[in-house]
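Number of protein chains: 2
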Amino acid sequence: MDPTEVSPELYTTVFENERVRVLKYRDVPGDCTKPHTHPDSVMVTLSSFRRRISAGGRNVEVELPAGAVRWVGAQEHAGENIGDTETVSIFVELKEPAPGPPAEPTLGPTGG
Amino acid sequence: MDPTEVSPELYTTVFENERVRVLKYRDVPGDCTKPHTHPDSVMVTLSSFRRRISAGGRNVEVELPAGAVRWVGAQEHAGENIGDTETVSIFVELKEPAPGPPAEPTLGPTGG
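One line per chain: the protein sequences are R and F, in this order. Here the first sequence stands for residues 1 to 112, where the numbers follow our numbering. Here the second sequence stands for residues 113 to 224, where the numbers follow our numbering.
Since the hints were made in silico from the structure, they are not lab data. Treat the hints with care, as some may be off.
To be verified - To give a feel for the contact side, a few chain R residues facing chain F, derived at Cβ under 8 Å:
1) Val14
2) Phe15
3) Asn17
4) Glu18
5) Val20
6) Asp40
7) Val42
8) Val44
9) Leu46
10) Pro65
11) Gly67
12) Ile90
13) Val92
14) Gly111
Every residue, glycine too, gets a C-beta built ideally from N, C-alpha and C.
Given the sequences, and given the hints that come with them, work out the whole structure.
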């Protein structure tokens, strides 16, 4: 469920070392991702966008400006660009296991 | 040597949890940071800029476009905006200790 494998036309790896993998996501209005997983990640938006994030019958709508920073806790979901602008975002994925007990899975970005 | 303490007018914390701290850096041409330290971090540029990064008598010039991603290995340095544009950047700082033996300190961003 690696996003670069299930939706390689949308997710590309722009940097990787032993601690992080950094993905760039880019789509156009109407594009959908296939279901995929994110490890604990920080998202930095490079465009404004509006999206619907779905998993297990739940969904949330997310609207963000360019230059926003959000925590994306480990989760599985699919996304759809429901706005009228491109989505361009950077995901900084943390490779190390999270310290402490597993967190409740969340849906969509939080914090920021 | 925390950048938010030594240069609080330039560095602000935009998100923090147990795994990461995320800083936003913003300056104007001619601005200089005081010497400060970064833990292992990923930098995402939100503007194009040209800077001089200095430490221990060495310096490197860095010129980047907006939307670039670079690894900033743990290091101490000071920076100066030597271009004619604002610098706006996000730093995703990793809070956990690096796995394996300590890396050689580097000066400025690498990779990407």
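Structure-based check of all given hints:
1. Because the closest C-beta pair between Val14 (chain R) and chain F is about 5 Å apart, less than 8 Å, the hint holds.
2. Interface hint at Phe15 (chain R): satisfied, since its Cβ lies 5 Å from the closest Cβ of chain F, which is below the 8 Å cut-off.
3. The beta carbon of Asn17 (chain R) comes within 6 Å of a beta carbon in chain F, closer than 8 Å, and the hint placing it at the interface holds.
4. For Glu18 (chain R), the shortest C-beta to C-beta distance to chain F is roughly 7 Å, which falls under 8 Å, so the interface hint holds.
5. Using the Cβ-Cβ criterion of 8 Å, the hint placing Val20 (chain R) at the interface with chain F is satisfied: the shortest such distance is roughly 6 Å.
6. The closest approach between the C-beta of Asp40 (chain R) and any C-beta of chain F is roughly 6 Å, which is under the 8 Å cut-off, so the hint is satisfied.
7. Look at Val42 (chain R): its Cβ gets to within about 5 Å of chain F, closer than 8 Å, so that hint holds up.
8. Because the closest C-beta pair between Val44 (chain R) and chain F is about 5 Å apart, less than 8 Å, the hint holds.
9. Against a cut-off of 8 Å between C-beta atoms, the interface hint on Leu46 (chain R) holds, since the closest Cβ of chain F lies about 5 Å away.
10. The beta carbon of Pro65 (chain R) comes no nearer than 11 Å to any beta carbon in chain F, farther than 8 Å, and the hint placing it at the interface is violated.
11. Given the 8 Å rule on beta carbons, the hint for Gly67 (chain R) holds: about 5 Å separates it from the nearest Cβ of chain F.
12. Because the beta carbon of Ile90 (chain R) sits about 5 Å from the nearest beta carbon in chain F, less than 8 Å, this interface hint is met.
13. The interface hint given for Val92 (chain R) is met, as the beta carbon of that residue sits about 5 Å from the closest beta carbon of chain F, less than 8 Å.
14. Interface restraint check for Gly111 (chain R): the shortest CB-CB distance to chain F comes to about 5 Å, inside 8 Å, so the restraint holds.
Consistency note: the structure conflicts with earlier hint 10 alone.
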